[in-house]
Amino acid sequence: MNIHEYQAKQILAQYGIEVPAGGIAYTPAEAKRVAQKVSARGPWMLKAQIQAGARHSGYFAGNSVNPKGGIRQVTQIRNLAYEAAQMLNNTLITEQTDAKGRLVSKVYVEAFKQVKRFFYVGMVIDSSIPAITLLISEVIDQDILKVGFTQQDKILRLPIEYDKPIANAQIKAILDFLSLDKSYDDYLRDFLNKLRVTFINLDAQMIEINPVGILRNKKFIALDAKMNFDDNAMFRHPDILRMQDEYEEDPRYLKAQRYGFYYSELDGNIGCIVNGDGLALETIDVIRSQGYKAACALNVKGGVDKDRIAAGIKIIMTNPRVEGVLINILGGFLRCNLVAEGIIAATREVGLNVPMVVRLEGTNKEEAKTILHETKLPIIFAENTNEATEKLIKEMEVND
Amino acid sequence: MSILADRKTRVLVQGITGIQASFHVKRSIDNGTNVVAGTSPQRQSEHLGVPIFESVADAVKNMPIDASVLFVPARAVKQAVREAVEAKIGLVVSIAQGVPVHDMLEIKAMLKGSETMMIGPNTPGVITPQEARLGIFPENIHHKGCIGIISRASTLTYEGVLETNAAGLGQSTVVGIGDDMIVGTDFRELMVQFMADDETKALVLIGKADNVYEQLAAETYAKMPNKKPIIAFVAGETLPFGANMGYAIDILSHGFSSIQDKKKILSDSGMIVVDKMSQIHQALADLGLK
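Residue numbers (numbering that gives the first Met the number 0), protein chains in the order written: chain A, 0 to 399; chain B, 0 to 289.
By construction, these hints were calculated from the structure, which means they are not laboratory data.
For each residue, glycine too, the CB sits at the ideal point set by N, CA and C.
Incorrect hints may have been included.
What the hints assert, rightly or not - To give an idea of the chain B side of the interface with chain A (calculated C-beta under 8 Å), a few residues:
#1 V100
#2 A108
#3 R151
#4 L155
#5 Y157
#6 D178
#7 V211
#8 A234
#9 S277
Here chain B stands alone, though its shape is the one from the complex:
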């Protein structure tokens, strides 16, 4: 078991013919991902051995699709998500960075009440090692195992993966929820799915100092009846200059919370909070899962 995607997940790639898409989708296919179709404005019938359709609607008419990976540029993400939502695709993973915030407000409105769950934008994606790679993960560092990872910091996700490897445990599924101010799915829903997944024995949660997603995760975790352990890390003890503006916004809209407050909230909810990424493997080892 795993969450979101496994080897049976039938994957569509929107924007499959781009240079970056081609590079990464080929790696995904080589890695065992069940890529069944692609869409592209270019008139061609096949790419990387899978059929190409002009639109998502066309693709779903021809074959069943469970998930779609978006390799379209940031400014095209809103329209691409709309297509996927209208085609009732269950999971959309959006890789591009730089999606306008207002587009995300509209996208969140589209997703509400729809059958689609969105991961991202600005994410390495979702990977279930050796089964499904929906995104751009460096697959060579992943090993099948029992730790679920949910990360809000794209590249730190890989750091988290390396830590689970160092603990000799590997990963069940790894999800980058996205680095942006507003993401399709925050920690909460994924925590619920991981708690229900047999293969996952513990979670690693990687947060950032910039908004309140971590606080929301803590609230949910505190209330969960059946908890698996969560090792949590929050980046951003030292904020660079220039982070001030967003800070003012958060202070005004939620009241001030320092990174220490944030760690305390996570810790109070029952998570095991570490100060450094490099302490994660020890914390995992201390759980005695092996």
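Okay, chain A solo, but in the shape it has when bound:
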């Protein structure tokens, strides 16, 4: 789960990390009021709040007179409402959004902070060790990802201990890497340990401060903040869960999430219902190898409740892009008969207007097939993924 920059900064401030004074605004007039509140004079930073990076080099679609930049510096207060109006209720497209972009419904207004230097700090979990790993680089903004591809030596990686403050040797390594002298030791240590505690206390999977600024008084300040949390641990953090912005998520994804399923969209026209991540990937690959593309995949994982499975199937069948449905289930924990009952319940409610091919294998397979045969629904059966895909494509082409 992701949150917005302004929310991440509120969290950092609670953990004692310095952030610029700022406030959120939903209208141009409000943006101006917030600006005057956070600082008596300019410049100010105006930052579009969408949950995607590369906002700085992004641009607004549609009728903006001045479409460039989801992050802008405004020097004069008289220009502030105007600039905010260029962003609010417009769609921002960046390297990290899809072509549709994201609608900006709020802007964050901050007092501009003069800093001596910038650098990048990331905190992620490296599963191969496994350990929380600090990533440090002098390369900032969206260039950091490019560096990740091509110049690995420009990123310093330090796995840290889960339950101990960051080691002295590691602090020294970071100072050296950034060419900072010993006088920064305490400030860096303080900053990174507070970040570490935030990460651990809140079950974060990633925190990125891109960039960190170094102030004249040698303190470190978070000029941007991105956080991602472990969905599976949110039962421990109702306060974080409340920060989820439903407008940022695909409504089908949210619906699937509510039933405990995982939904993802692609750009084709076959709707897939599977159980398991790997099976989803394999099914999508097989469809592609036969010249077609998946529209979406719903992973019902080890779902055990017929009504929830029916609700999940409806999510796929009501997607207007879906011209054929492929159900590929290898039941272990998930029993095939429950899937069959789920299919029947879903089709009863929303009908079956597109071809559907079902491949069931594993626990209670025969029982499931019997149930489906008895309904006399025009369901096509297959014995494996290849055959299921072939049969579905053939049927879709006949329908054309």
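Starting from the structure of chain A, add chain B where the hints point.
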């Protein structure tokens, strides 16, 4: 022979009285699994014909136990593993999906230097056909045979099983290492055990595009002095949208590797890499094991 579990393995089930546990443990017992005890917070002395204890410590005081299967919910997995580690149980298989990643960091720290090996979480478990079913496998598709399977994709494990059947070879032991970002045991240690197992003639390795476990397996395999053939498959040529975040993390922490890179690394290590699951049976047949 087989690895991890056979008909002599004395199995404890933590959380045995749950609905799902009851369904699957009964199937395991019917399938020949030597289930000797269970734990449950419910006050009852017996379930499915085996004695119930309040804690793992209680159970091990009363009888020797070799392995434990965890049917506890995801949020209780950390505590359940702790109990098993403290009781020095050799093997723990954790079925639940949705264990918090930070809990896994703590669990990995517990396992380090302990006598316990953990399989999972988010796995169908471990099965030695007709001998021991520690988990939720659809046992009706399994046949005794000479192929070891190690899989990182729960449901594709079954697909792998069907492929070994199609090749007419069957399975020695099948291990789902788990679908999650961090798992108790990755491919490497299991590869070593399979190489030492007389009954296993070849392996099927099923990987995913999402992290570096496959690369680690390749490094280990390349260095092995006595190799049995491995047929490898990696799912994820086409990544769905939304996979981006985890991708960025991996790029930053390890550098970029595409699925093609991954396949090449596996192939360079000496494994036989197939592009589709459905090519596995042919690749197995080509080994001429029969």
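We went through each hint and held it up to the structure:
1. V100: This interface hint holds because 5 Å falls under the 8 Å limit.
2. A108: With a closest approach of 6 Å, the A108(B) hint holds.
3. R151: holds (7 Å)
4. L155: holds (4 Å)
5. Y157: holds (4 Å)
6. D178: For D178(B), the interface hint holds, since the closest Cβ of chain A sits about 6 Å away, which is under 8 Å.
7. V211: Check passed: Cβ of V211(B) comes within 5 Å of chain A, closer than 8 Å.
8. A234: This hint holds: A234(B) lies near chain A, its Cβ roughly 4 Å from the closest one there, short of 8 Å.
9. S277: holds (5 Å)
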